[in-house]
Amino acid sequence: RTPSSDRTYSNGGNFRGSSAEFSIDAFNDQNGVKLIDNAQKKMISSNSCWQNAYQHLFAGCSEILSVDDKRSRLAWHLSDCFQRDSGRSPFPHCDPKASIASCLRTLDDLAHKVYLEFYLETNTICYQLQAYAFKHETERLVTELKSSAQYVEDKLDNIEEKSELLLQDSKRIHGSLDLIGSHTQKVAENARNLEGHIDSVLIHSQNVYEQTTKIALSQSQLQEGQEDMKRSLDDG
1 RTPSSDRTYS NGGNFRGSSA EFSIDAFNDQ NGVKLIDNAQ KKMISSNSCW QNAYQHLFAG
61 CSEILSVDDK RSRLAWHLSD CFQRDSGRSP FPHCDPKASI ASCLRTLDDL AHKVYLEFYL
121 ETNTICYQLQ AYAFKHETER LVTELKSSAQ YVEDKLDNIE EKSELLLQDS KRIHGSLDLI
181 GSHTQKVAEN ARNLEGHIDS VLIHSQNVYE QTTKIALSQS QLQEGQEDMK RSLDDG
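For the sequence shown, position 91 (counting from the first letter as 1) is numbered 91 according to full-length UniProt numbering, and the numbering increases by one without interruption.
No wet-lab data here; the hints were simulated from the structure. Where hints are given, some of them may not hold.
Derived DSSO-like pairs: lysine-lysine, alpha-carbon spacing no greater than 30 Å straight-line [to be verified]:
no.: 1; residue 1: K113; residue 2: K97
no.: 2; residue 1: K230; residue 2: K214
no.: 3; residue 1: K97; residue 2: K70
no.: 4; residue 1: K113; residue 2: K70
no.: 5; residue 1: K171; residue 2: K186
no.: 6; residue 1: K155; residue 2: K171
no.: 7; residue 1: K162; residue 2: K146
Keep in mind the model is a prediction, meaning the values are calculated, not measured.
Based on the provided sequences and hints, a complete structural model is requested.
This is the structure in structure tokens:
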């Protein structure tokens, strides 16, 4: 039995040039998972044929899926390993410079079926490997997005907290400005009152000065009169 002889394919005659479309359903492809597990076991076996073939497959799936000739030659290599491992006749040499189609024409029906099975197996394995890579990359991106979202959320919380503190400081400053304005108004009012009081004091001082001057003049005149009277008495 070939590795995938229990599968049926409706387009078995049109496998060449198949496009490497990725589907999220590949995550649940149990057959792909089984094939990968089997390939990994063969990679660590003592059979160098399987090792070389599957190492090339795992290392270059993206290129293998996009270049039909490489996929075809890898399937040829895997088929040859299977033939040798199962005690059958190995595949004939396929010159790298020759087209794979010319090499396939040298196979009998059974060998061609083996080749077809491995050709389809390379597709299945590579699709599953791409699914794994896509899944891991998606998980990595989701984790990074989650971390970024958490970072932004923390920053927003910090900004909100600082905004609240700034608002409280602004209210305190506004209250202080209101208090300063009230004190300024009181100082201005007291200054106006003091100015009026000073004016009153000045007027009063002027009146006192004038009255003092008049009194001094009267006293001077009275003193002169007393002196005149004294002289008159002395003369008489």
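* Asked: Which numbered hints does this structure break?
  -> Of the numbered hints, all hold.
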